[in-house]
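These protein sequences, in sequence, are chains F and L. Going by the numbering used here, the first sequence opens with residue 1, and the numbers climb by one from there. Going by the numbering used here, the second sequence opens with residue 1, and the numbers climb by one from there.
Just so you know, these hints were derived from the structure itself, not from any lab. Being a predicted model, the structure only gives us computed values, none of them experimental. Even for Gly, the Cβ is constructed at its ideal location relative to N, Cα and C. Any given hint could turn out to be false.
[As the list claims (entries may be wrong)] Pairwise CB distance ranges, derived in the manner of DEER restraints:
#, chain 1, residue 1, chain 2, residue 2, range
1, F, I163, L, R142, 41 to 47 Å
2, L, W325, F, L152, 30 to 36 Å
3, F, S158, L, R294, 37 to 43 Å
4, F, R233, L, P257, 30 to 36 Å
5, F, K43, L, D230, 32 to 38 Å
6, L, I318, F, R226, 33 to 39 Å
7, L, R142, F, K43, 24 to 30 Å
[Unchecked claim] Over 10 Å on every C-beta distance to chain F, these chain L residues come out as not near it, computed from the model:
#, residue
8, K74
9, T102
10, D103
11, V138
12, R233
13, A235
14, R236
15, T241
16, R243
17, T256
18, V259
19, F262
20, D265
21, A268
22, I293
23, A308
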Amino acid sequence: MSLGPEASVTDEKTAPTADAADRPGEQAIAGRSLKQIAWRRLKKDKVAIAGACVVIFLIVVAILAPLLIKLLGHPIDEYHNDALDTELGTGLPKGALGGMSWEYLLGVEPQTGRDIFSRIIYGAQTTLTVAFLSAFLSTLFGTIFGLAAGFLGGWVDSVISRIMDFLLAFPQLLFAIALLSVLPDEFFGLGPRWSRVGVLIGVIGFFGWPYIGRIVRGQTLSLREREFVEASRSLGARSGRILFRELLPNLAAPILVYTTLIIPTNILTEAALSFLGVGIPPPNPSWGGMLSDAVQFYRIDPMYMIIPGSVIFITVLAFNLFGDGLRDALDPKAR
Amino acid sequence: MLSYIVRRVFNAIITLLVVTAVTFGIFFAIPKAIGTDPALLYIGKQSDPAAIEGIRQKMGFDDPIYVQYGNFLKGIVAGREYSNGPDVTDCPAPCLGYSFSTDQEVTPLLLEDIPVTLSLALGAAVLWLIIGISFGVVSALRRGSFVDRAAMTTALAGVSLPVYFTGLLSSAIFVYALGWLPESNYKPFTEDPGQWFTSLILPWITLAFLFAATYARLTRANMLETLGEDYVRTARAKGLTERVVIGKHALRSGLTPIVTIFGLDLGALLGGAVLTENVFNLRGLGYQALNAIRQNDLPVILGVTLIAAFFIVFANLIVDLVYGWIDPRVRLA
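The task is simple: from the sequences and hints, build the whole structure.
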């Protein structure tokens, strides 16, 4: 009894706001139908689409970073004394707005003359890698433990819930800072930059999983009692099948939404850790690290602070807009 | 109710024990594993071997980790004595050990920082509760209006702005460009209330902006949900005035989730607003923590983490108790 295609046809005829409320049965018919409804809603949400475009643009920029730097910028650690005002001895960038020009698109750093454009782009690579992979790690752990707790119940549930409560009741930022400061700077021969990226992914991802875990657990608890699971079980389905064919597809929407919404939080955390000097080690550029360097100069060269700050803001805002839109599209009750 | 309280208090103590054990393990086991000698950190690299050995014995760095942990706990409860024969140092309870870098007792060091953090966190909390909740309620009641859209756009921007950026930006504008406020120079309230206030205005606003944004979004969502409940419709149908319906029926249950979040947020902030304190040079717990971390000062790091955990666990406990009092169903769970 596949109503998938039919459902989407009728969906087109009705106003999108009425579809969920008038025919509650239809949402549960097939995963595909929900996907199509959600996609249709998302396409209409111009703000969310704008957010998505910015996100995609940033990802492309991060991937093409080496090429873009070659074409439009200068190597990240190259000093440019010619761009600085050395005569007065201040070491500030020449020209207005922190030395913005066609040569240096976003100006140069005071005192060193390093190209801010190149450093921002290179920082995007690091930040996005950390944010995405740590979100992936949180989602993976959160889904596994949340599913286990909700589905198995009993002592497994008690233990996992206790651990989640414990992790949420933990001075996380403080702990992350302290932990990062005692861990070695380099291992597995990865070099300082990627070693630290690995550690950051581990630490941020680890502290993030209880957020997703709690949601997955809650959803699993309610889904477990639904008729379709009961039906599947009465037909002789094993636990594995129920978990992966019945429960997981129904959990996909909330997992997707919360993964999207945890990415901006991770970006802020990574930037905060780099700002505090335990993130990406200099001379490797990171947005938080650039802000931290700017603390000494922001009174006389405010652009040096405004650029990395605005980049963080725009990136986080774009992810939040897209995540909010995705949530509204997948879960009409949220608004 | 009594058994509920006992259970909660018991849970809180267990959580604190686990936090100390984990923190202790990490800060003393990892340095050992990567070959950093805590005695060297304590005394400096140029010291002669005999002095290092003396310190090692005195501080008990050679004991197995569980013995060290046991002594650490004992120090908190009953105080402890460090000795290696002739050299005896007494550390009264609650003893958190000695700072590696300044050789001072950790407890009084941290007690000095608490008022700064307290001033910052409580002042900001008052601001963000008032701003966040009132905008959230107005947005929910006037859904789709100009006020709603403006407030929610600002709130979305607020949750996307890192506090260290807004902090720097606001000082650049209000202190250095416009000159409306003096450069931040904290004085305790008891010494100079005027300077205490002016030095905290910007930190309060910066911190409150971030949290108010979250609270406005949350309040709006909760209010919209409760306004759709049957009992609100019933209250309206009974002919109650809109004021009573909103104030007594919708707002009260709409705000219960806010109580939970508020407890957690305030607890976390009291343990040190690391970012805000460092941006504004406020010498509170967060400032101390970062300093300690930069100097590898393990006892101070451990001390701050413990105090922070204590505040969070304590706030959680209060929230749980308040909840049990508001909503009798919770007690049975």
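Hints versus structure:
Distance hint check for I163(F) and R142(L): the Cβ-Cβ separation is about 42 Å, which falls inside the suggested range of 41 to 47 Å. Separation of W325(L) from L152(F) is about 33 Å and conforms to the stated range, judged on CB atoms against 30 to 36 Å. Distance hint for S158(F) and R294(L): a CB-CB separation of about 40 Å, consistent with the stated range 37 to 43 Å. Checking the proposed 30 to 36 Å range against R233(F) and P257(L) shows it holds: the Cβ atoms sit about 34 Å from each other.
K43(F) and D230(L) have their C-beta atoms about 34 Å apart, which keeps the hinted 32 to 38 Å range intact. The hinted range of 33 to 39 Å is satisfied by I318(L) and R226(F), whose Cβ atoms lie roughly 37 Å apart. Distance hint check: the CB atoms of R142(L) and K43(F) are about 28 Å apart, consistent with the given range 24 to 30 Å. Against the 10 Å criterion, K74(L) stays outside the reach of chain F, whose nearest CB is about 23 Å from its own CB.
The beta carbon of T102(L) is kept farther than 10 Å from every beta carbon of chain F, the shortest such distance being approximately 18 Å. With a minimum CB-CB distance of about 21 Å to chain F, D103(L) clears the 10 Å threshold, and the non-interface call stands. Chain F leaves V138(L) outside its interface by the beta-carbon criterion, the shortest separation being 17 Å against a cut-off of 10 Å. The claim that R233(L) lies off the interface holds: its Cβ sits roughly 16 Å from the closest Cβ of chain F, which is beyond the 10 Å cut-off.
Even its closest Cβ contact with chain F, about 22 Å, leaves A235(L) beyond 10 Å, as expected for a residue assigned away from the interface. Listed as a non-interface residue, R236(L) keeps its Cβ farther than 10 Å from every Cβ of chain F; the least gap is roughly 21 Å. No beta-carbon of chain F is positioned within 10 Å of the beta-carbon of T241(L); the least distance is around 28 Å. Every Cβ of chain F is farther than 10 Å from the Cβ of R243(L); the closest lies at roughly 26 Å, confirming the non-interface assignment.
Chain F leaves T256(L) outside its interface by the beta-carbon criterion, the shortest separation being 17 Å against a cut-off of 10 Å. The Cβ of V259(L) sits about 16 Å from the closest Cβ of chain F, beyond the 10 Å cut-off, so the non-interface label holds. Every CB of chain F lies more than 10 Å from the CB of F262(L), the least distance being 15 Å, so the non-interface label holds. Separation of D265(L) from chain F is adequate, the least Cβ-Cβ distance of about 12 Å exceeding the 10 Å criterion.
With 10 Å as the threshold on Cβ separation, the claim that A268(L) sits away from chain F is violated: the shortest Cβ distance comes to roughly 7 Å. For I293(L), the condition that its CB be more than 10 Å from all CB atoms of chain F is violated, with the nearest at approximately 5 Å. With a closest Cβ-Cβ approach of about 4 Å to chain F, A308(L) is found to fall inside the 10 Å limit, against its non-interface label.
Violated hints, in rising order: 21, 22 and 23; the structure is consistent with all others.
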